[in-house]
Amino acid sequence: MLAHDPTETWLTGTTKPGGTAPLVVEDLSEREHDVLVRLARMMSTEEIAADLYVSVNTVKTHLKGVFRKLAVNRRTDAVRRARELGLL
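The numbering of the sequence shown is the working numbering, which starts it at 1 and goes up by one.
A couple of the hints might just be wrong.
[As the list claims (entries may be wrong)] Pairs of lysine to any residue, SDA-like flavour, derived with a Cα cap of 25 Å: (1) K64 / A40; (2) K60 / A49; (3) K60 / L85.
I should point out that these hints are in silico values taken from the structure, not numbers from a laboratory.
Please work from the sequences and hints to get the whole structure.
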């Protein structure tokens with residue numbers, strides 16, 4: 001019998017035991033992950049945009065996707081959750 005794969009739980013949006021928020025509703029896109037990595041480096045939105053050669057508005061759009069998929073509302077929470085999930 002195979003052991004339970006924790007990524008299956010993350011992708012299905014189920015919760016941790018005793019928790020209320022889904023861990024990950026869906027996979028992050030490659031670009032969302034790029035933005036998340038730079039968030040962990042404490043880069044500003046403007047710095048991320050310059051580093052990725054995209055507009056500030058594009059970075060903000062990716063941040064919204066990251067926040068939604070990780071079920072968080074703040075940059076620091078996104079980094080913390082991503083570390084908990086092994087995304088960083």
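For K60 and L85, compute the direct alpha-carbon distance and say whether it is at most 25 Å.
22 Å, holds
Given the proposed pairing of K64 with A40, does the C-alpha separation stay at or below 25 Å?
16 Å, holds
Against the 25 Å threshold, does the CA-CA distance of K60 and A49 hold or violate the hint?
9 Å, holds
Violated hints for the displayed structure: none, as all numbered hints are satisfied.
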